[in-house]
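Residue numbers (my numbering), protein chains in the order written: chain A, 1 to 286; chain B, 1 to 135.
Please note: incorrect hints may appear among the correct ones.
What the hints assert, rightly or not - Between beta-carbon pairs, the in silico distance windows are:
no. : chain 1 : residue 1 : chain 2 : residue 2 : range
1   : A       : 106       : B       : 73        : 35 to 43 Å
2   : B       : 99        : A       : 16        : 54 to 62 Å
3   : A       : 254       : B       : 87        : 40 to 48 Å
4   : A       : 152       : B       : 107       : 54 to 62 Å
5   : B       : 19        : A       : 40        : 51 to 59 Å
6   : B       : 73        : A       : 69        : 47 to 55 Å
7   : B       : 93        : A       : 34        : 49 to 57 Å
8   : A       : 254       : B       : 90        : 39 to 47 Å
9   : B       : 60        : A       : 126       : 34 to 42 Å
As the list claims (entries may be wrong) - Derived DSS-like pairs: lysine-lysine, alpha-carbon spacing no greater than 27 Å straight-line:
no. : chain 1 : residue 1 : chain 2 : residue 2
10  : B       : 98        : A       : 43
11  : B       : 98        : A       : 173
12  : A       : 109       : A       : 11
13  : A       : 31        : A       : 155
14  : B       : 77        : B       : 18
15  : A       : 75        : A       : 126
16  : A       : 34        : A       : 173
17  : B       : 98        : B       : 18
18  : B       : 98        : B       : 122
19  : A       : 43        : B       : 18
20  : B       : 37        : B       : 60
21  : A       : 184       : A       : 22
22  : A       : 34        : B       : 22
23  : A       : 155       : B       : 122
24  : B       : 22        : B       : 98
Everything labelled a hint here was simulated from the structure, so no lab data went into it.
Don't be surprised by glycine CBs; every beta carbon is placed ideally from N, CA and C.
Here is how the chains run, residue by residue.
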Amino acid sequence: MASMRDIQRRKVSVQSTGQITKAMKLVSTVKLQKARQRVENTKPYFNEMYAAVTSILARSGNVQHKYLKSYEDKKKAVIVISSNRGLAGGYNSNIVKLLTNNPEFSKDKVVVYNVGRKGRDTLVRKGYEIREDFSDAVENPLFTDAMQISATVLKAFESGEIGEIYVAYTEFKNTVSHVPTLKKLLPVEASDVEIKDEQKNILMNYEPGEEEVLDVIIPKYISSLIFGGLTEAVASENGARMVAMDSATTNADEMISSLSLLYNRARQASITQELTEIIAGAEAIG
Amino acid sequence: MADLFTLEIISPERIFYKGEVKFLEMTTSEGEIGVYKNHIPMTNILAPGIVTIHEENEVKEAAVHSGFVVILQDSVKIMAEVVEWPDEIDEARAREAKIRAERRLAEGGDAIDIDRAELALKRSIARIRLSEHRK
């Protein structure tokens, strides 16, 4: 049996780890609340944007536009949103697995526009080409970050370097459920579009013209999708960390209680042993 | 009572404005337009400029930079990437930005640079005009 001092030392170390995980859980709970609020605030803009784009496409589905054409033989660009910090359970590895487990997205078919240091490290190790890195945006995503990212990928799209644009991020369903998602941004597929009845009956005019309006709106639509992805990813990251730290704290508590039991047993054993020794000594003298 | 319609100004970070208005002025890529209730349905691209909101008893102004507007008969939605009330504008910074943009335009460069500098110039002018109105 381990000595009393060894057990005590272990117990103290587990206790301090438990305190750290508990503090981290509290911190990520607060961050999660903030991030959730932001997700809520960005929803109306995104929804309206989606409605505007879909109603234009539904009406002018046959329009030949550079953002609507598909080039499947070219490389795909994927904007991968992970986090800058670890200790968030499977959060980062799940995002990377979206690419690595999908033969359509093997490393020779994909260029990565990366957000988040942890994802970048793994992707580099797996041999993916990281074209650009925007990891600073992940701590506190601003809309200008999303605009910058979308401008970069759209430029590559227009110059013909890449044929399709995807975003890989973790969708935030609720505090405990986060779903890694791969979403296609470009080309926008008119066939995917559902349209509400009320929109069909309105005869909309476009100024200066449908094509010019699409030229302006689609980049904005892409930015809003990326921004939505960023805010949801931040909420998911903190949610994942909260869950991971919660179970770590529970585990630490369990370990402490079993170590306390061991410690008490060892203490009792040593007392008994001491008593036996004293009695034996007294008997020998007497 | 004048005919009112619903106006929503939505930016990525928040719902900037929501209310009943009787008249709305704004600058589009084709020029300045004014909207009353029962306007023909129209989608327009906004140029950087001032949006003037005429409520029933009050007039409000906001600076909008890049966005578009969806006009329906009884409602108008402005989707703006950046939108500010006059008291949110930093006039000194806007003036600085204007000078920077003018310098870049004077220097020349390739077409994209010039486009961007022109946009920056328009934005800073809209901001400065709006913060001068306030005084």
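Hints, verified against the model:
no. : hint                        : result
1   : 106(A) x 73(B): 35 to 43 Å  : violated, 52 Å
2   : 99(B) x 16(A): 54 to 62 Å   : holds, 57 Å
3   : 254(A) x 87(B): 40 to 48 Å  : violated, 56 Å
4   : 152(A) x 107(B): 54 to 62 Å : violated, 24 Å
5   : 19(B) x 40(A): 51 to 59 Å   : violated, 21 Å
6   : 73(B) x 69(A): 47 to 55 Å   : violated, 34 Å
7   : 93(B) x 34(A): 49 to 57 Å   : violated, 27 Å
8   : 254(A) x 90(B): 39 to 47 Å  : violated, 55 Å
9   : 60(B) x 126(A): 34 to 42 Å  : violated, 54 Å
10  : 98(B) x 43(A)               : violated, 33 Å
11  : 98(B) x 173(A)              : violated, 44 Å
12  : 109(A) x 11(A)              : violated, 51 Å
13  : 31(A) x 155(A)              : violated, 34 Å
14  : 77(B) x 18(B)               : holds, 9 Å
15  : 75(A) x 126(A)              : holds, 18 Å
16  : 34(A) x 173(A)              : holds, 15 Å
17  : 98(B) x 18(B)               : violated, 31 Å
18  : 98(B) x 122(B)              : holds, 8 Å
19  : 43(A) x 18(B)               : holds, 16 Å
20  : 37(B) x 60(B)               : holds, 18 Å
21  : 184(A) x 22(A)              : violated, 38 Å
22  : 34(A) x 22(B)               : violated, 36 Å
23  : 155(A) x 122(B)             : holds, 23 Å
24  : 22(B) x 98(B)               : violated, 33 Å
The structure is inconsistent with the numbered hints 1, 3, 4, 5, 6, 7, 8, 9, 10, 11, 12, 13, 17, 21, 22, 24, although it conforms to all the rest.
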